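Residue numbers (the numbering used here), protein chains in the order written: chain C, 1 to 227; chain Y, 1 to 147.
Simulated from the structure, these hints should not be mistaken for lab results.
Quantities reported herein were computed from a predicted structural model and do not represent experimental measurements.
Treat the hints loosely; a few may be bogus.
[To be verified] Derived coverage of chain Y by chain C (criterion: at least 3 residues anywhere in the stretch with Cβ under 8 Å from a Cβ of chain C; other residues may be distant): (1) 30-41; (2) 84-90; (3) 107-120.
[Unchecked claim] The calculated lysine to any residue pairs, modelled on SDA-like cross-linking and capped at a C-alpha distance of 20 Å, are: (4) Y:82 x C:209; (5) Y:66 x C:55; (6) C:55 x Y:104; (7) C:216 x Y:137; (8) C:225 x Y:45; (9) C:40 x Y:131; (10) C:221 x Y:118; (11) C:201 x Y:137; (12) C:216 x Y:28; (13) C:225 x Y:33; (14) C:216 x Y:140; (15) Y:82 x Y:35.
Idealized CB from N, CA, C, for every residue including glycine.
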Amino acid sequence: MSRTRSVSVALIAVSAAAVLSAQGRRAELDGVWILAGTAKIDMTLTPAGEAARAKYNYLKDDPAMRCIPASITRVMHTPSPPIEVRQRAGEVEINYEFMDVHRRVPLTPGLTAKDAPYAVKEHPHLGRSVGRYDGDVLVIDTVGQHAGILDTLGAPGLVQSDQMRTEERFIPNGNRLTIIVTHYDPVNYAKPLVVTFNYQKLPGGEILPWDCTPDKANYDKFTPKPN
Amino acid sequence: MVNTRCVAGLAAWLLLGAVAAAHHSVAVNFDNSKTLNLSGRLKEVDIRNPHSRITIEVRQPDGTLKDWLVEWSDRNALVRRKVPFQLLRVGDTVTINASPSRSLDNLAYFRTAVLPDKSLLRDCGFAAFREAIANGETVECEPERAK
Chain C
1 MSRTRSVSVA
11 LIAVSAAAVL
21 SAQGRRAELD
31 GVWILAGTAK
41 IDMTLTPAGE
51 AARAKYNYLK
61 DDPAMRCIPA
71 SITRVMHTPS
81 PPIEVRQRAG
91 EVEINYEFMD
101 VHRRVPLTPG
111 LTAKDAPYAV
121 KEHPHLGRSV
131 GRYDGDVLVI
141 DTVGQHAGIL
151 DTLGAPGLVQ
161 SDQMRTEERF
171 IPNGNRLTII
181 VTHYDPVNYA
191 KPLVVTFNYQ
201 KLPGGEILPW
211 DCTPDKANYD
221 KFTPKPN
Chain Y
1 MVNTRCVAGL
11 AAWLLLGAVA
21 AAHHSVAVNF
31 DNSKTLNLSG
41 RLKEVDIRNP
51 HSRITIEVRQ
61 PDGTLKDWLV
71 EWSDRNALVR
81 RKVPFQLLRV
91 GDTVTINASP
101 SRSLDNLAYF
111 RTAVLPDKSL
121 LRDCGFAAFR
131 EAIANGETVE
141 CEPERAK
């Protein structure tokens, strides 16, 4: 075997090993996960974002009071309900127990987010998503999210514009999973809003029905206390 | 597997103030620095998502009856943490220790309940649950029996 050929064979072997290693780590993403701690939020609001947040009134403005998931970030901020990741040929399925959000993200090469179907057909306001792998990291890009409330729990009153683009990075680490969500919204954030969620695997876990009904989720029947 | 009782979890819950147990921020809606004892008959126990709701009929100083609604964790969380919420039975007379809503009348958030047999029902809380899972243990929030 010539020296050149030997080097080529060695490079191919190293590349193949790297691909197999990445695929092995990707498999770690599958499973049911619960939050392992409080999410870290890095935010710098624009004056418009600050003004919108100042007006926020959770009793009137929180979409969850109508059983509507404001955003995927908002969904993930709820600590108790787990999430489930299932990677399949051509798509990744992410099920969020909170508000029964069942998300399907195509992994179609060449497909852009704007041409992808709605990721959650019952909730088109959550936008259109497409996924890809960056080594062992699953990356999901989302566009087409409707203007409105972004978060009501981790940082109550954050808003989003319809210009917002979102990137999620699912980083496997054995029984731990980190999801870094970066929202690019120049209308409301002076620099990208970055929310980091750390999860731990829930052995034997399953996603249970949420079955939210608005009449039991809001406070419309209650009387405000006098100021 | 180790079975972890939830006394430590209860302490953690009280210290951390159940930061976010339901679909809204508990800390935003309820004043965890205050507690009140609501004694009376249970009219409704609705263990559900996004949060459970317990209605208790409380006699007022003037003799009239007033309904209080006590919110609690979501059903799925209570099930996972094996909280025996079935011990709250409609018609029973109990005393619920709860934190009042900051802005709404007759609304509070559940902390503990003294049941008719004087045992103390509580929720271990999510922090204790996830810590137990991380340690390969299980949580079972058994009521604290009266001494």
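Hints, verified against the model:
1. 30-41: violated (count 0)
2. 84-90: Violated, because only 0 residues of the segment 84-90 of chain Y bring their Cβ atoms closer than 8 Å to Cβ atoms of chain C.
3. 107-120: It is violated, with 1 qualifying residues against the three required.
4. Y:82 x C:209: holds (17 Å)
5. Y:66 x C:55: violated (33 Å)
6. C:55 x Y:104: holds (19 Å)
7. C:216 x Y:137: Violated, at roughly 33 Å.
8. C:225 x Y:45: It is violated: about 24 Å lies between the C-alpha atoms, which goes past 20 Å.
9. C:40 x Y:131: At roughly 19 Å apart (the allowed maximum being 20 Å), residue 131 of chain Y and residue 40 of chain C satisfy the hint.
10. C:221 x Y:118: violated (32 Å)
11. C:201 x Y:137: With a Cα-Cα distance of about 13 Å, the restraint between residue 201 of chain C and residue 137 of chain Y holds, given a limit of 20 Å.
12. C:216 x Y:28: Holds. Residue 216 of chain C to residue 28 of chain Y sits at ~19 Å (cutoff 20 Å).
13. C:225 x Y:33: With a Cα-Cα distance of about 18 Å, the restraint between residue 225 of chain C and residue 33 of chain Y holds, given a limit of 20 Å.
14. C:216 x Y:140: Roughly 27 Å between the alpha carbons, so the hint for residue 216 of chain C and residue 140 of chain Y is violated.
15. Y:82 x Y:35: Since the Cα atoms of residue 82 of chain Y and residue 35 of chain Y sit roughly 25 Å apart, the hinted pair is violated (cutoff 20 Å).
Checked against the numbered hints listed earlier, the structure breaks hints 1, 2, 3, 5, 7, 8, 10, 14 and 15; every other hint is satisfied.
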